[in-house]
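Peer 1: We have chain A; now place chain B onto it with these hints.
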Amino acid sequence: MVSASELQALRESYAAERPVYEALAGHIAEVAGEAIRRAGIYCRTESRAKDVASLIKKAIRKGYAGLEEVPDRAGARVILAFADSVPAADDIVGRVFEVRWREDKSQGLSPDQFGYLGIHYGVSVRQEDRDARDRFGDRVCELQLHTTAQRAWADVSHELLYKPDASPERDVARVLYRLMALMEVFDESVVRARETLKVMPDWKEAAVLGGLEQLFLVMTAREFDRELSLTVLRALVPAYGDEDAHQIESRVREFVNLNGAKIERIFREYGDDLRHPMLFQPETLLVFERLEADPFTLKDQWQHVLPLELLEGTAEVWGVAL
Amino acid sequence: MPRPDLSALQIDSAIVHDVPARRVHADSGAPVFSEIDSELTQELRIYFREKIGTSLGHAAFEVGFDPGATSPVPRLVTSLFDGTAPDIVQPSKDMARHLYDSQTGVNPPGLLTAIKGSLEGRGALAILKLEREDGVRVLQGERNGLPTFDIQAIHDLMLTQKTKVFKVGLFLQPAKERDPIEGLVSDKQRGYVPTSEVADFFLRRFLGCVLRLAPEVMTRRLFDAAEKFINESVQPPEKKAKYQLALMAELGSQDAEFRPRGFAERHLDVRHRQPFIDALTAEQVPDNVVRKDTKLVESHLRKLRMDFESGVLVVVPPGAVGEQVEVEELDDGRTHVDIKDKLRAIGGKR
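Those protein sequences? They're chains A and B, same order as listed.
So that you can map any letter, position 297 of the first sequence is 301 in the numbering used here, and since no number is skipped, the others follow by simple counting.
So that you can map any letter, position 295 of the second sequence is 1000 in the numbering used here, and since no number is skipped, the others follow by simple counting.
So here's chain A without its partners, still in its complex pose (with noise of 0.2 Å):
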């Protein structure tokens, strides 16, 4: 049993680091969620460091008496759309952090069992990572990675079946199996879907649009024209060959990444132009990029949809000279 005394010091002691593992959490999620969308894989990410209460009494629940044994201090969560994204999200997390322990949940279920499927890790910044290191030290976050159903199910779960000593009773752990049954259905569901959605006229431009509207958001919080936006996109898509819509926006948003300065310093100087229609477009930022990589092809599909003179006018802003 922890002794007053003992809690006394491991509050003092979580209180002066906590705002170390607040950021060590933070920046976690924003190293594995940009290394997982760059590779053109969808996600959300959490982070949170545990509150001074909660771990106390955690402590006071599992007898710890330093803060050394106190395993979740910092979390952060990956949160995907789809659930075949999870093997490569996996080996992202693996290239991207040092792993001291990992769990796949999913392994210790039987085939007639259903239950909770992410996957849990321990890690800490990598060695290479200088400034990280010399931040954060070798302290462990807890990261989980897990799909939009599979978070659900934990935050719900958490509520209904946190009963140490007590198993539900027989009518209400059917319905929590079949809870949990729905979970997996729901994903496999989402990932057959978005294969049948794929082979549809429009999706494709569709979800790329989805993509660039966020990035331009962000930038201009300016209204646009969805419609000519898909007009644009039926004629500049295939300029990316066989991408599918997340490897296309993946390179859009490495692309405005990298320059990021000049697109905003152009929204900014061109704000009240109106010799440019078609600049205040989220497929702008697409068509800056293709300016760059293949104006050629570009140039090739787009006369066959809109006016040369409109792409023209985009390249004079941009400084290339097609």
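Keep in mind the hints are simulated off the structure, nothing from the lab.
Warning: the hint list may mix true and false statements.
Simulated pairs of lysine-lysine, BS3-like, Cα-Cα distance not exceeding 30 Å [to be verified]: (1) B:LYS893 - A:LYS303; (2) B:LYS933 - A:LYS303; (3) A:LYS303 - B:LYS944; (4) B:LYS867 - A:LYS266.
Label-pair restraints from in silico Cβ distances [as the list claims (entries may be wrong)]: (5) A:GLU247 - B:THR986: 20 to 28 Å; (6) B:GLN989 - A:PRO75: 50 to 58 Å; (7) B:THR986 - A:LEU278: 51 to 59 Å; (8) A:GLN131 - B:ASP771: 51 to 59 Å; (9) A:LEU234 - B:ALA954: 39 to 47 Å; (10) A:GLU258 - B:ASP1036: 39 to 47 Å; (11) B:GLN866 - A:ARG272: 21 to 29 Å; (12) B:ASP1043 - A:GLU38: 53 to 61 Å.
We put the beta carbon where it would ideally sit given N, CA and C, even for glycine.
Peer 2: This is chain B only, laid out in the frame that chain A set:
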């Protein structure tokens, strides 16, 4: 010189001087000078930037000042960069006077425009020789009490939307004190041979510049890079032959300049265009324009040569491909060359 991002050119001031045509035996007047820079709105700054960027993007050569030049422009540009000249007025007037004095009867009148600014943290000076353009405009009005549009002739337009390439030199302040001033110069494509007085007036006589890279060296570099691309990256063989013939034809033509991007668009399949430009860029060949001098590649332009694995060698005049000579790829990857012609002679190889 790494190509600067011309879309980032920041314009601080601009001044315009009117330089009439110089008639040796007539009283044609003298330049009309401005004594203060022109007022610029943000819209005008952006407009000038776009026009300069487009012209240089299409047709700029890398240049440096010629140490042996008699033009005062190098000295005047230097004075603006080193702070000797407090502003743009006097140096630009001197440039306008020099332009007038060095013109002959064949040079048209123009507006000498000097634009001072900065680019990527370095001082920048653009010198433009623009010509007045004609146009018409319409204004809503009335005639005989009825609504109509008045059509008015305008004779003093400058740098209209349709003008893509014009005479402009952009000079950048050196990043390090002892480095030479670097520049980019574009001029309207004339198709004359490079030694023509008219073609070189703006670059050499007025600006006092020389091309940084000797045309014969750059032409050789272009030819080697293009040929390497065709051999290593293009299939099937008849496509190789087509591209090679196009390259030889354009290099052997009377045009004073070779434009890689234009060549790619006219002669290459879409999928080959960007890789072709990338291949040239990797060998430091500009993608917009190369001043041609085929001195070092003349012998390579007369005949098309095909070397085969077995040691067979076929040498073909470019005009014979598609006529007496057909090239096609076989299903097994070999190439079939079909020659139908009267045999003139046969003998041991000398």
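Peer 1: All hints, please: hold or fail.
Peer 2: To see whether the hints hold, each was checked on the structure:
no., hint, in the structure
1, B:LYS893 - A:LYS303, "holds, 24 Å"
2, B:LYS933 - A:LYS303, "holds, 26 Å"
3, A:LYS303 - B:LYS944, "holds, 22 Å"
4, B:LYS867 - A:LYS266, "holds, 26 Å"
5, A:GLU247 - B:THR986: 20 to 28 Å, "holds, 23 Å"
6, B:GLN989 - A:PRO75: 50 to 58 Å, "holds, 57 Å"
7, B:THR986 - A:LEU278: 51 to 59 Å, "violated, 35 Å"
8, A:GLN131 - B:ASP771: 51 to 59 Å, "holds, 55 Å"
9, A:LEU234 - B:ALA954: 39 to 47 Å, "holds, 43 Å"
10, A:GLU258 - B:ASP1036: 39 to 47 Å, "holds, 41 Å"
11, B:GLN866 - A:ARG272: 21 to 29 Å, "holds, 23 Å"
12, B:ASP1043 - A:GLU38: 53 to 61 Å, "holds, 58 Å"
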